[in-house]
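**Student:** Taking the hints into account, I'd like the entire structure generated from these sequences.
Chains as they are written, first to last, in this note's numbering: chain A, 82 to 466; chain B, 25 to 228.
Any given hint might turn out to be false.
[Unchecked claim] Taking lysine to aspartate or glutamate pairs in the DMTMM-like style, the calculated list, with each CA pair at most 20 Å apart, reads:
1. K136/A / E210/A
2. K60/B / E456/A
3. K57/B / E456/A
[As the list claims (entries may be wrong)] Coverage of chain B stretches by chain A, computed from C-beta distances (three or more under 8 Å per stretch; other residues unrestricted):
4. 189-195
5. 198-211
6. 215-225
Just so you know, the hints here were simulated from the structure itself, not pulled from any lab data.
Just so you know, these numbers come straight off a predicted model, no measurement behind them.
All residues carry an ideal CB built from backbone N, CA and C; glycine is no exception.
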Amino acid sequence: MKPIRNLVESLEPHFKEGGKYEKFHPAFDALSTFLFVPGHTTENGVHIRDAMDLKRTMFTVVIAMIPTLLFGMWNVGYQHYLAYGMDMSLMENFMFGFWRVMPIVVVSYAVGLGTEFVFAISKKHVVSEGYLVTGLLIPLILPVTIPLWMVAFASIFCVIIGKEIFGGTGMNFMNPALLARAFLFFAFPAYMTGDIWTDLTPEPGHALVDAYTGATNLVTFDNDFTQLPSPSDMFWGFEQGSIGETSVFAILIGVFILIASGVGSWKIILSCVIGTLAMGLFLNLLAPVDVPTSSLHTPAYYHLLMGSFAFGAAYMATDPVSAAHTEAGKWIYGILIGVFTVILRVFNPAYPEGVMLAILLMNVFAPLIDHLVVERHIQTRMKRA
Amino acid sequence: MESLVNLFVRAVFVENVVFAYFLGMCSFLAVSKKIKTAFGLGLAVIFVMVLTTPLNYLILNYMLEEGALSWISPSLASVDLTFLAFILFISTIAGAVQLVEMVIEKFLPALYSSLGIFLPLITVNCSILGTSLFMQEREYGLAETAVFSLGAGVGFFLAIVLLAGIRERLRYSNVPAPLQGLGMAMFITALMGLAFLSFSGIKI
Chain A
82 MKPIRNLVES LEPHFKEGGK YEKFHPAFDA LSTFLFVPGH TTENGVHIRD AMDLKRTMFT
142 VVIAMIPTLL FGMWNVGYQH YLAYGMDMSL MENFMFGFWR VMPIVVVSYA VGLGTEFVFA
202 ISKKHVVSEG YLVTGLLIPL ILPVTIPLWM VAFASIFCVI IGKEIFGGTG MNFMNPALLA
262 RAFLFFAFPA YMTGDIWTDL TPEPGHALVD AYTGATNLVT FDNDFTQLPS PSDMFWGFEQ
322 GSIGETSVFA ILIGVFILIA SGVGSWKIIL SCVIGTLAMG LFLNLLAPVD VPTSSLHTPA
382 YYHLLMGSFA FGAAYMATDP VSAAHTEAGK WIYGILIGVF TVILRVFNPA YPEGVMLAIL
442 LMNVFAPLID HLVVERHIQT RMKRA
Chain B
25 MESLVNLFVR AVFVENVVFA YFLGMCSFLA VSKKIKTAFG LGLAVIFVMV LTTPLNYLIL
85 NYMLEEGALS WISPSLASVD LTFLAFILFI STIAGAVQLV EMVIEKFLPA LYSSLGIFLP
145 LITVNCSILG TSLFMQEREY GLAETAVFSL GAGVGFFLAI VLLAGIRERL RYSNVPAPLQ
205 GLGMAMFITA LMGLAFLSFS GIKI
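**Tutor:** Here's what the structure looks like:
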């Protein structure tokens, strides 16, 4: 560490005001504070210093996502070899997935952070750490077959339109990673729906097995819910889907980290679950008796296990910036996410998965929910006074 | 009954006048800085829509369309006055807005002054004329017209209140200078439209 620290310190004067590379100060600042604790001191007023700054918060979320990333890599390989009927070892499955997933992660980080640097330099503010989370979320919610240029395109879009034009980190009213996915979904539907969930790079000497079907579970679900994989497969994640979303088990590890460290709001996660279960049970009551396979009959807890519900509720709905800020608002926000998720899944044949759009929609509603909650507080206080 | 519920849901969410047809943009963008004002304008728009669209339906079906005048005398059965539809629709709307304006000025003077010029301008809010014209084009019945106009009004109300909520939250954010104010509202509208796309194709 010592030589690096010396190097950073020797370079610093060039980037200070009046130095040769003054313009690139934000970029330098981002790198040096990433490596070492900054030596800044506050200049006026009383400040509370806490080790839990934005950088640590974001890093906790990144750590919480590691289990889903690792499992996602393994599952990419597993699904690939399953489609060709080949029985491979754990390590071979994982390595196959590793070489498929890593380029997506690298592109997402490189392009997204590059865009952030450009904006930081032109707007003369420091690079903030928000993209550390977004940059890993984007690969996890994309199919593994996505072309890399689209990943780059979506990263640029979400940084500029989703965040920078609203004033940067902390000001975006929509979750940037979800925005990137929604953007790709509506702009390039051919690459985001259909037979894309498994990497079908040809294996010499092997043909696709007959039973192989490329559609995700949620497409078949609209017509006949009994076609879904068994609940245990959906829980452990042995199914097709976006890279990080399949395993509820891996996500639960992440949820544990988020809640134990206090970074994610347990209220939002719990209320998402309640909303989904309640709506699922309600639709069971409405379900037609003469069509036993209708998606209205889906057991409510299936909705928690299938698709990307768990991933969305754990990592996207809890985004502290775009979620509701008030405590009562968080309950309303989460329950509505659950309700809309089930409605979109069951009633909207155009989009098989509803979680992404339900969260985006609630991001739009969150400021209004907060406003109503605050107004209500004011009214009850006025009455008491 | 089920089709009426479906029509209402479609008008509010799927075919939202703002996000699907981009109607009523001027007041949508201009009066959405504060939730309270947006709330008032939204209610006024709902009221005017629910009042004028069924009225326009009656005017269209008993005065303007070919054969509509036959209830006066059979000799008028061949008269087709539909070319007057625009001008009569607008007159109805202008009259209703006058009414709303007087009521608001009398009972809610604070809202009246914060809405300013945009209250009389509801007259030319294209979402209201648009709703009447959709009614004519899609050949709705009277019950359908009433439900549709309520749905379109609620859709506009929802859109403008949501936008105001987001703009209030972003009030202190460091927006790039060229995008401050209207430019930002446009971007927010676009992203909200993206979120509302989630309803397209929904069937109840």
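**Student:** Look at each hint and say if it fits the structure.
**Tutor:** Outcome of the hint check:
1. K136/A / E210/A: Holds, at about 6 Å.
2. K60/B / E456/A: holds, 11 Å
3. K57/B / E456/A: Holds, because 17 Å separates the two Cα atoms, which is no more than 20 Å.
4. 189-195: holds (count 5)
5. 198-211: holds (count 6)
6. 215-225: holds (count 10)
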